[in-house]
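Engineer: Sequence:
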Amino acid sequence: MFPELACQFEWADTPYLLWFELREAFEKAYEQTPRDESLIKRIYQYSDWCADQPRGETAEDDLLTCVAVCFYEHIPLHSAAREDMPRWWRAEDLAGEPSVFQYHLSEEQFRELRNFLARESHRYDPGPRTEN
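What the sequence shown shows, in our numbering, is residues -9 to 122, in sequence order.
The hints are simulated quantities; they were obtained by calculation from the structure and are not laboratory data.
Note that the coordinates shown come from a computational prediction; the quantities given were computed from them, not determined experimentally.
Glycine is no exception: its CB is placed at the ideal position from the N, C-alpha and C atoms.
Treat the hints with caution; some may be incorrect.
What follows is a list of derived Cβ distance ranges for each label pair [what the hints assert, rightly or not]:
#1 Asp115 <-> Thr48: 17 to 25 Å
#2 Gln22 <-> Gln99: 24 to 32 Å
#3 Phe(-1) <-> Ser96: 16 to 24 Å
#4 Gln99 <-> Glu121: 26 to 34 Å
#5 Ser111 <-> Pro44: 28 to 36 Å
#6 Asn105 <-> Glu21: 35 to 43 Å
#7 Glu21 <-> Tyr93: 30 to 38 Å
#8 His68 <-> Phe(-8): 26 to 34 Å
#9 Glu73 <-> Asp3: 27 to 35 Å
#10 Pro88 <-> Gln35: 32 to 40 Å
Straight-line distance between alpha carbons at most 25 Å, and here's what the computed SDA-like set of lysine to any residue pairs gives [what the hints assert, rightly or not]:
#11 Lys31 <-> Thr48
#12 Lys18 <-> Ala85
#13 Lys31 <-> Arg109
#14 Lys31 <-> Glu47
All chains, please: the whole structure from these sequences, using the hints.
Structural biologist: So, in structure tokens, the structure goes:
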């Protein structure tokens, strides 16, 4: 799924270390000109796959926790990824208490993010996350 990242994954001996590498690659994909849409899409698809796996008994063996802590929480902190969030996320995806996107944001920043996603809802496209 990520042949271009094989060297970075060599030392990632836990899902958490793998997701730290994926987050770094995700951020770099947004910083490239043009940005690496293929890699961004594949990372989102893999995050969805991880989130759909059976829950682990502890945070250490729970893939959803791993993806949340190592990836989802950080998306709004990267300006280009945040600006692109409406394409991948809906305002209702931020529902629930607490939202995973809220961890590194103040209440005001989180409210702004929710409002931004609501205003830009016309950009949401579920297709890229599900197509191969």
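Engineer: If a hint holds in the structure, say so; if it doesn't, say that too.
Structural biologist: Cross-check of the supplied hints:
Separation of Asp115 from Thr48 is about 35 Å and departs from the stated range, judged on CB atoms against 17 to 25 Å. Separated by about 26 Å at the C-beta atoms, Gln22 and Gln99 satisfy the suggested range of 24 to 32 Å. Distance hint check: the CB atoms of Phe(-1) and Ser96 are about 34 Å apart, inconsistent with the given range 16 to 24 Å. Our hint of 26 to 34 Å for Gln99 and Glu121 holds, since their Cβ atoms are close to 32 Å apart.
Range check, Ser111 to Pro44: Cβ separation about 31 Å, and the 28 to 36 Å hint holds. In this structure, Asn105 and Glu21 break the distance hint of 35 to 43 Å, their C-beta atoms being roughly 26 Å apart. The hint said 30 to 38 Å for the Cβ distance between Glu21 and Tyr93, and at roughly 23 Å that hint is violated. Hint check: His68 to Phe(-8), Cβ distance near 19 Å, so the stated range 26 to 34 Å is violated.
About 34 Å separates the C-beta atoms of Glu73 and Asp3, a value consistent with the hinted range of 27 to 35 Å. Under the hint 32 to 40 Å, the C-beta atoms of Pro88 and Gln35, about 25 Å apart, miss the expected range. For the hint pairing Lys31 with Thr48, the CA-to-CA distance comes to about 28 Å; that exceeds 25 Å, so the pair is violated. The straight-line distance between the Cα atoms of Lys18 and Ala85 is roughly 28 Å, outside the 25 Å bound, and the hint therefore fails.
Taking the CA atoms of Lys31 and Arg109, the gap is about 23 Å. The hint holds against a cut of 25 Å. Among the hinted pairs, Lys31 with Glu47 is inconsistent with the structure: their alpha-carbon atoms are about 29 Å apart, more than 25 Å.
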